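Asker: Residues per chain, in single letters:
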Amino acid sequence: MDLLTFARGPALQWALMIFVAGTVWRLLGILLLRRKPDYTEPRNTGTWRGALKLIVTRSWPKREFWARTGFDQTLGYIFHFGLAIIIFGFVPHILFIKSLTGLSWPGLPSGIVYVVGAITAATLVAVLVRRINNPVKRLLSNFDDYFSWLVTITPVFTGLLAVEHLGARYEVLLGIHILSVCVLLVWLPFSKLMHVFLLFISRGTTGALFARKGAST
Amino acid sequence: MDRELTILEAFQQQGMSRRSFLKFCAVTASLLALPAGKAAEMARILAEMPRPTVIYLSFQECTGCMESLTRSFSPTIEHLIFNSISLAYNDTLQAAAGAAAEAAREVAMRKAWGKYILVVEGAIPRPLDGAYCTVGGKSALASLQHVAEGAAAIIAVGTCASFGGIQAARPNPTGAVPVQDLVRDRPVINVPGCPPIAAVMTGTIVSFLSFGLPELDQRSRPKVFYGNTIHDRCYRRSFYDKGLFAKTFDDEGARNGWCLYELGCKGPVTYNSCATIKWNQGTSFPIESGHGCLGCSEPNFWDRGDFYKPLSTGMWRGNIGVDLGVAAVAGAAIGGAAALVARHRQNKANATEASKPEGK
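Protein chains in written order, with this note's numbering: chain A, 1 to 217; chain B, 1 to 360.
Next comes chain B alone, as it looks inside the complex (with noise of 0.2 Å):
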């Protein structure tokens, strides 16, 4: 069959009505927080639109993203793949490999040149010509570069591929790099968190299929997902506006459930849906489960040190009390140095009095 199969009729083929294509619909608008007449328009566009090609390249990574991606629920993976995308090349998914799977994502590249969607988990090293990661024998760095040169778009997924992620760490052995640091000529959309929730992946596919390049924020990350703090819309907020804190992880505070800001909780700084879509179905997320925010979806998270320090507290190089002791006395020599030089003065003053002729 030459035409490509629309995503409604992917739905169809499955076995599922147009009923379930529009349910399918109205809960991914939900979850993008559209209005109700976005979820009309959005099952319009892609009833009508052929099932986009979809690369999905892995490098420097755990494969964490993959892993939480599979376990999305609303759209589920499941359906992404079989109805809404026709992803092409995953060496993780995928069954086939070695060469016959590079093969055939030259061929797929080359039949949906400048359509379809590439997306990275992953960073990138980048001395060396990328050779601290190669696939199939060749670096990362070409391969990205090879395959965003004919993509519509690039979608980061996870902290690696957003903003380097742990592999771009101090001290940064292989250089790392993320997607947007090395490809400038296509809109990169950034999907960070370690990994990001399956739901908000899935999500900003869908929204971009039907809606295009969704609104983005500074750091290039979906605003509908990524326009409020955790903090925010943390179900603790009431208890931070209390001033009620866990001290401990197993203190009274602790158990009733009361603010982490104590405890390192970078919920305040961290930009995600945690606290919304939550986790694994919506069941829970790190501080439901007592835990405070790392701040997993912000850059240099891993870099900052700082996972169980408030924070309001500094992050100091060093030791702060040495460093201020070095300072006091620092001080204390240029105070004592100063009142010495001002009692000479004094000393000169009162002799030049002392011997003034009486009347004078």
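Here chain A stands alone, though its shape is the one from the complex (with noise of 0.2 Å):
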């Protein structure tokens, strides 16, 4: 069996099989734990509104910390957007999501695609090493961070390279390419790139907490 006929075949179905069970087992195990009772009286009713409101506002820039906090959080935005547009644009990506659901949408020219890669992959670069440069930061994290950081990073970089041909013939190097999506599935549930599901699950439960309590957001 060669490198392809393994990554595409074995090797993707495991890793797709321990990706849903992780995510199942992860979402449930954090969704199914008892709350603590509130006996306090709402001073609001709107916990719905409030979730929606808390997970927008989060989501975007607070003018009073802009000057500190703007260029990371742009980086964090423009490697974000250009992830999902490499994944969700790239017209094999969307045939392998189309082979598994069924579902499909037009794609983007494969030169936009390369070239939101190319930018994708030096932003995501400028985050490690803002991240190692930073004190406060370099004190906060941890091997997830990194390691969920590298795992990230390479299917971009090995997705680049496997559509320009460099290092390798092109088979070894999708075959290379997919194996590190592989690596991401199997350690997406279990690290801090679980925030993919859980990010706004626990915002808007923090928006709902604070609408019940009235709390400005």
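Mixed in with the good hints, there may be bad ones.
Only some residues are given here: those of chain B computed to face chain A with a beta carbon under 10 Å [to be verified]:
id	residue
1	D241
2	E298
3	S312
Chain B side only, calculated, beta carbon under 7 Å to chain A, not exhaustive [as the list claims (entries may be wrong)]:
id	residue
4	G282
5	A330
6	I334
Keep in mind the hints are simulated off the structure, nothing from the lab.
Just so you know, these numbers come straight off a predicted model, no measurement behind them.
Cβ coordinates follow ideal geometry from the N, Cα and C atoms, glycine included.
Put the two chains together into one complex; each comes in its own frame, and the hints tell you how they fit.
Answerer: Next up, the structure:
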């Protein structure tokens, strides 16, 4: 079995199964936890509205902190949007999603996705440099942060190499690219990358709580 | 006549001039993508070289490669047989048959021992001492080992001889293997394809005669013919880059000649010259005729089972939907159990908290 067949076959199949099992496990493990009873009288009944409001407001930088956090947040937005464009805009990726779910949509020209991929990879490198250079961030960072960064940038980097045929033959690069995605899928549910699913749940929960207490968001 | 004819003499004996010989060398050199100076070098080498003996063995195959070879246009098979090589044995083309043919082969082998070129078409079954394929009462395995012993080099034509092909596809009932699995002490040049392009076969032979063993890739294929993917040289490549794909074989995209990637084209991972040399005197190649590349010059292409699946999709064993459903249920069970354990701990902690005397 050659590398590409292994990557497209058993590796991807097992990685997807671990990804699904891990994600359901983590989500149910958190969502089924008993909440602390709150005996106070609610000041506001619009908890859903509060949840949605906090999701939006916390996704946008506060003007007071812009000078300090603006650059990092901009980098964050660039690579997150970049990743979304690569994953959901590149035709081969859409075909992969279609083969699993039956859903498809028009893709972007490959050239645009390559440029976005390069920008995303460069931004991810900048994010790492910022993390290492900032003493506070460095102190707060652990293995999970660095490894999550690595498994995120590797598919982007190997994907760029594959489309440009740089460093090795295309089928080898494609095999490595798919294997790097497999590592990402396996790692995602058990790491900080789980924020893909938990981000809006946790922000929404906080928003609902704030709304109930009548706190300003 | 004791002395073997040189290739140039053989040309002239056929009534052709030195000029046509030089033209032949120029055409072959351009086919091999050689610089202009190399054509003259090729002419000089071939002019002085005695016509080499070629023995062509056919084993587990469909004769498709031979059919393709007979349609060679540059150089033509007639050129090759009558001018460039001395075809001592080929059970499809030769007039002799039976014991006489086998005896002629033995004579040719003895005369050119250590110098002849062995061309093999088809895979070779290995179990039971090769009993699944016999020619003239001798197994393919024994014939190959015997003839390969005195060969200067072996050219494995077609995917069956190069990688096992359909003969070695699952479940491979005859235990078929390619030439390179059986012959380790002689240079083996693979010229895969189902069938290979005729000009690639003849070009490889002429290249070997002129300059010896050509530069090979990691699958022992001549780089000059297998150095690029079909996708790299495909005239539809610009549509791939623009994101324009045919969705079915008869939609507007297909009629407009858009890229066939979504229809399962394996051009991006297939190394061959189909997009440049093409077939039938440069008329067309499968993608130009509206069908995606099957990847026939790559190993195990029969077993991939994804002729019509895009390259970026998975190659699932069984039903991926069921597998993911089972994974989700397993995940839910573990997640539920984890939550139950956590709740139990919460209850215990609450009970401990409640049992503490006030103020402590």
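Asker: Hint compliance check: list the failing hint numbers for this structure, sorted ascending.
Answerer: 4
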